[in-house]
Amino acid sequence: MVGKNPLVEEGTRVLVVDDEPFVREVLSRFLSERGYQVDVAEDGQAALALIRTDAPDIVLLDLKMPRLGGLELLRILRDDGAELAVITISGHADEDTARESLDLGAADFINKPFDLEYLETSLLAKLLQLDR
Numbered sequence: 005m006v007g008k009n010p011l012v013e014e015g016t017r018v019l020v021v022d023d024e025p026f027v028r029e030v031l032s033r034f035l036s037e038r039g040y041q042v043d044v045a046e047d048g049q050a051a052l053a054l055i056r057t058d059a060p061d062i063v064l065l066d067l068k069m070p071r072l073g074g075l076e077l078l079r080i081l082r083d084d085g086a087e088l089a090v091i092t093i094s095g096h097a098d099e100d101t102a103r104e105s106l107d108l109g110a111a112d113f114i115n116k117p118f119d120l121e122y123l124e125t126s127l128l129a130k131l132l133q134l135d136r
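With my numbering, you'll find the sequence shown wraps up at 136, consecutive numbering, no jumps.
One thing to keep in mind: the hints can contain errors.
Said to hold, decoys possible - Computed beta-carbon distance windows for the label pairs:
1. Asn115 - Glu29: 15 to 23 Å
2. Tyr122 - Ser36: 12 to 20 Å
3. Arg79 - Asp58: 17 to 25 Å
4. Asp119 - Lys8: 18 to 26 Å
Rather than coming from a laboratory, the hints here were simulated on the basis of the structure. Don't be surprised by glycine CBs; every beta carbon is placed ideally from N, CA and C.
Work out the full structure, taking the sequences as your base and the hints as a guide.
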């Protein structure tokens, strides 16, 4: 067990969006142990419904998913005017895809397999920038 991160504010919510159950489980467990409240979605459509119902503080978003992929979800969120912190993750993206996700408003892009400590550092950096 890693232990709660003292920098994580009580009630900080992270939405993990990934079509791979193993990735959702690993991220959910790691982030929960660090003190985050974690919701999960298996694709962009499920994530969009959760975001529109009760937006999380930050979203970890896989780019390659069935039904509605990460880039498409980023476009919808941008077009909706949503001001949502998003970190994109992918095991299949090239440099152009990573750049496109950043151009669409993602705060960071992380390749899979990812280092969990780096992922949390990126999360914390973005959360510190938010006016919460």
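Hints violated by the structure (numbers, ascending): Violated hints: none; all satisfied.
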